[in-house]
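Chains S and B, in that order, give the protein sequences. Mapping the first sequence onto our numbering, position 24 (from 1) lands on 315, and the numbers just tick up by one. Mapping the second sequence onto our numbering, position 95 (from 1) lands on 226, and the numbers just tick up by one.
Please note that a few of the clues may not be correct.
[Claimed, not checked] Derived pair list, reagent style SDA-like, types lysine to any residue, alpha-carbon separation capped at 20 Å:
1) S:LYS664 with B:ALA223
2) S:LYS664 with B:GLY307
3) S:LYS664 with B:ARG315
4) S:LYS631 with S:ALA379
5) S:LYS664 with B:SER224
6) S:LYS631 with S:ALA641
7) S:LYS599 with B:ASP154
8) S:LYS599 with B:SER155
9) S:LYS599 with B:HIS156
10) S:LYS664 with B:ARG306
11) S:LYS664 with B:VAL309
12) S:LYS599 with B:ASP152
13) S:LYS599 with B:MET151
14) S:LYS631 with S:LEU612
15) S:LYS599 with S:ALA418
[Unchecked claim] Interface residues of chain B toward chain S, partial, derived using beta-carbon atoms under 10 Å:
16) TRP148
17) GLN149
18) ALA153
19) MET157
20) ASP162
21) ALA223
22) ASP225
23) CYS249
24) ARG342
Source of the hints: derived by calculation from the structure; they are not laboratory data. Where is the CB? At the ideal position from N, CA and C, for every residue including glycine.
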Amino acid sequence: MKKALQFTLGILTAIGGMIDIGNLAGNTEAGARFGMGLAWVIAVGLVAIVLYANMAGRVAAISHRAAFDVIRERLGPRVAMVNLGASAALTLLTLVAEVAGVGLVLQLATGLNYRLWIPIVALALWAILWWSKFETMERSYALVGLTLLVLLAAVWALHPDSGDLLHRSVHPAIPHGEDLKSYFYLAIAQFGAMVTPYQVLFFSSGAVEEGWTARDLAVERVNVFIGFPVGAMLAMALMVLGAVVLQPRGITVSHLSQVGLPVTLALGRSGLWLVLVGMFAAVFGAAAEATLSTAYSICQYFGWQWGKFVRRPEAPRFWSLLVFLLFIVTTVALIFDPIKVALFSIVFSAAAVPLTFFPILVVANDPAYVGEKTNGPVTNVLAVILLVLMVIVSLATVPLLVATRGNG
Amino acid sequence: MIHEPDAVHALRDLADWQVMDADSHMIGKVDDLLFVARTDGDPVLTSILVGGVAYAKRFGGAWTRAFDFLSRRLGEHGEPLDLPVTLVERRASDLRVGAEREALGRYRGRADRPGELCLSDLVGAELIGAGDRPCGRVADLWLAGPAGSLADLRLHGLIVGGGAVGDRLGFERARGPVGPVGLRGLFAWLGRHTRFLPWHDVTVVEPRAVRTHRAPDELRPLSEVEPG
Chain S
292 MKKALQFTLG ILTAIGGMID IGNLAGNTEA GARFGMGLAW VIAVGLVAIV LYANMAGRVA
352 AISHRAAFDV IRERLGPRVA MVNLGASAAL TLLTLVAEVA GVGLVLQLAT GLNYRLWIPI
412 VALALWAILW WSKFETMERS YALVGLTLLV LLAAVWALHP DSGDLLHRSV HPAIPHGEDL
472 KSYFYLAIAQ FGAMVTPYQV LFFSSGAVEE GWTARDLAVE RVNVFIGFPV GAMLAMALMV
532 LGAVVLQPRG ITVSHLSQVG LPVTLALGRS GLWLVLVGMF AAVFGAAAEA TLSTAYSICQ
592 YFGWQWGKFV RRPEAPRFWS LLVFLLFIVT TVALIFDPIK VALFSIVFSA AAVPLTFFPI
652 LVVANDPAYV GEKTNGPVTN VLAVILLVLM VIVSLATVPL LVATRGNG
Chain B
132 MIHEPDAVHA LRDLADWQVM DADSHMIGKV DDLLFVARTD GDPVLTSILV GGVAYAKRFG
192 GAWTRAFDFL SRRLGEHGEP LDLPVTLVER RASDLRVGAE REALGRYRGR ADRPGELCLS
252 DLVGAELIGA GDRPCGRVAD LWLAGPAGSL ADLRLHGLIV GGGAVGDRLG FERARGPVGP
312 VGLRGLFAWL GRHTRFLPWH DVTVVEPRAV RTHRAPDELR PLSEVEPG
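All chains should be built: construct the whole structure from the sequences, respecting the hints.
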């Protein structure tokens with residue numbers, strides 16, 4: 292059983308990163324407005340995150356250094372501090388949206404306003420982070436999150452013309468009434484939401500939490516090559532449902548309930564309930580992932596004891612940080628509009644993305660860290676191309692955000 | 132090709148490493164290195180500083196004052212751990228201090244040593260050559276000594292010049308990163324003006340400046356001293 296569940300870190304990382312609240316709405320919206328015209332973004336994003344998560348996981352397993360250890364060692368305290376500030380701001384603003392997002396899912400299920408749920412969600416998050424073991428937490432979220440596979444069932448039940456979908460994926464076109472600016476804005480927003488630094492920070496810290504060594508490289512690869520493609524497949528299913536159900540009816544996504552609409556149509560109310568359970572687990576998992584990865588990064592930067600693998604009194608700063616971060620996030624979520632707040636978060640990715648991925652690329656090539664297991668030439672060529680792309684995307688985000696006023 | 136002793140570059144290979152106590156609990160990062168000058172040779176590495184004001188000092192200027200202020204309020208009175216290198220063992224991915232957490236208290240607070248030099252004072256200092264001609268900024272410190280041991284490391288020379296970023300990332304290390312090819316080429320090009328100055332050519336160390344009797348064009352390129 293233990294062996295069979297070893298892939299859950301990858302699933303949790305990927306579902307938390309790719310099917311969080313932003314993607315649930317974002318991928319469906321992309322499908323509803325541009326059909327399959329943005330499917331290639333999911334494919335490119337998948338290759339990027341798989342490459343870099345694999346490198347960070349390999350570095351963590353062989354050298355026992357998590358991502359922010361590497362970032363500070365290679366970039367020094369000053370540049371690493373710029374990254375720490377940007378990464379923490381990016382992740383915490385995302386976390387505000389996740390906490391509110393769990394509230395929104397609960398609002399759909401119960402009819403009670405999501406703001407009432409925010410403090411309860413934060414408290415539940417704290418209780419789980421505080422009491423449960425890392426592996427228990429990871430496995431429950433990952434496995435419950437897999438109820439989202441119902442999205443694939445919904446796609447299957449709707450019998451879409453797969454030839455047509457494929458054709459529209461490889462020949463993207465701008466539908467009538469949309470413009471190129473919105474197309475690129477959504478493309479960049481989707482790519483940015485898929486390739487987030489906190490997934491890599493979390494995955495590598497999780498590898499240290501689970502005590503991976505050079506002998507666990509096979510487990511590491513299974514996690515990357517199963518976890519992230521499952522996440523991307525679900526993202527793609529959301530887009531297909533948007534393209535097949537919402538686009539022909541001219542429905543655009545302005546509310547989370549519209550995400551569940553295609554599933555209800557295909558599978559009835561039981562399907563909707565499964566989606567709600569899956570969304571709850573995925574968004575809750577994303578919230579846990581974002582909270583932990585911020586506390587991990589701060590502790591790793593300063594060299595403080597971190598992690599759930601030691602007894603709580605041995606890592607006092609780590610645990611105080613978790614509580615403090617949750618308190619800040621809850622306050623912000625209650626005072627401001629969480630969705631608007633999350634929109635600003637991508638501004639910080641312009642600094643966080645290159646400063647996180649670049650040192651990982653360097654170190655994954657350095658025998659002092661990974662011994663013989665350095666990157667091959669194919670990995671390096673792809674990694675450099677994608678890093679350049681990621682930097683361009685994170686720099687282009689701000690002007691596009693202004694040009695489209697965040698509405699795409 | 133000139134062969135120098137096996138080198139540890141202070142920033143590249145030692146600074147910012149994780150420090151653990153005897154029970155493998157994380158206690159901080161290597162925030163600064165302390166050397167003591169000798170009359171009969173290179174200064175020797177005597178201790179590593181961890182946390183508090185030692186961290187703040189790495190930033191410089193207003194940042195140092197701000198972090199100093201904060202760390203004095205948040206940390207243990209802002210005093211760093213001053214750990215003698217005889218107590219520290221260098222391992223594959225971290226440094227291990229041969230003392231348990233409870234026993235570390237006696238190393239808190241910096242001891243004053245006559246003739247001491249800090250990594251944070253030297254790195255970033257302007258190197259001034261013969262006739263007051265500037266030779267560039269100190270980018271890293273070249274430490275020499277027996278492999279693996281911290282206790283016998285000496286400050287053997289200075290790495291000078293703004294293009295040393297590739298070296299800082301490890302690309303100039305004998306067994307450094309093997310790829311990506313484009314990056315290696317880029318850093319080799321950026322580092323083409325990086326120079327090496329042996330410590331015995333240093334005449335005076337002033338605040339934010341180091342003086343030598345050598346002229347700028349007498350400094351050897353780093354790549355000549357250290358086969359990459």
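Quick rundown of the hints versus the structure:
1. At roughly 16 Å between alpha-carbon atoms, LYS664 of chain S and ALA223 of chain B fall within 20 Å of each other, so this suggested pair holds.
2. Note on LYS664 of chain S and GLY307 of chain B: the hinted pairing holds, with a Cα-Cα distance of about 13 Å set against a maximum of 20 Å.
3. For the proposed pair LYS664 of chain S and ARG315 of chain B, the alpha carbon gap of about 18 Å is at most 20 Å, so the pair holds.
4. Distance hint between LYS631 of chain S and ALA379 of chain S is fulfilled; the C-alpha atoms sit about 18 Å from each other, no more than 20 Å.
5. For the proposed pair LYS664 of chain S and SER224 of chain B, the alpha carbon gap of about 16 Å is at most 20 Å, so the pair holds.
6. Only pairs whose Cα atoms come within 20 Å are accepted, and LYS631 of chain S paired with ALA641 of chain S is accepted, the gap being roughly 18 Å.
7. Between the alpha carbons of LYS599 of chain S and ASP154 of chain B the distance comes to roughly 17 Å, so the proposed pair stays at or under 20 Å and holds.
8. A threshold of 20 Å between alpha carbons decides the hint, and for LYS599 of chain S with SER155 of chain B the separation of about 15 Å falls inside it, so the pair holds.
9. Pair hint LYS599 of chain S plus HIS156 of chain B holds up; C-alpha atoms about 13 Å apart against a cutoff of 20 Å.
10. The straight-line distance between the Cα atoms of LYS664 of chain S and ARG306 of chain B is roughly 13 Å, inside the 20 Å bound, and the hint therefore holds.
11. A hinted pair counts as satisfied when its Cα atoms are at most 20 Å apart, and LYS664 of chain S with VAL309 of chain B qualifies at roughly 11 Å.
12. Proximity of LYS599 of chain S to ASP152 of chain B is assessed by CA-CA distance (about 18 Å); at most 20 Å being required, the pair is judged to hold.
13. Of the supplied pair hints, the one linking LYS599 of chain S and MET151 of chain B holds, its CA atoms being roughly 17 Å apart against a limit of 20 Å.
14. For the suggested pair LYS631 of chain S and LEU612 of chain S, the alpha carbons sit about 25 Å apart, so the restraint of at most 20 Å is broken.
15. For the given pair, LYS599 of chain S sits about 14 Å from ALA418 of chain S by alpha-carbon distance, which is consistent with the 20 Å threshold.
16. Satisfaction of the interface hint for TRP148 of chain B is found here, the shortest Cβ-Cβ separation to chain S being roughly 6 Å, below the 10 Å cut-off.
17. A least Cβ separation of about 5 Å between GLN149 of chain B and chain S falls short of the 10 Å threshold, and the interface hint therefore holds.
18. A cut of 10 Å between beta carbons decides the hint on ALA153 of chain B: the least distance to chain S is about 14 Å, and the hint is violated.
19. Interface hint status for MET157 of chain B: upheld, as the beta-carbon distance to the closest one in chain S is roughly 4 Å, under 10 Å.
20. Among the interface hints, the one on ASP162 of chain B holds; its C-beta lies about 8 Å from the nearest C-beta in chain S, closer than the 10 Å criterion.
21. Proximity of ALA223 of chain B to chain S holds as hinted, the smallest CB-CB distance being about 7 Å (cut-off 10 Å).
22. Proximity of ASP225 of chain B to chain S holds as hinted, the smallest CB-CB distance being about 8 Å (cut-off 10 Å).
23. A least Cβ separation of about 14 Å between CYS249 of chain B and chain S goes past the 10 Å threshold, and the interface hint is therefore violated.
24. Given the 10 Å rule on beta carbons, the hint for ARG342 of chain B is violated: about 25 Å separates it from the nearest Cβ of chain S.
Comparing the model with each earlier hint shows violations of hints 14, 18, 23 and 24; every other hint is respected.
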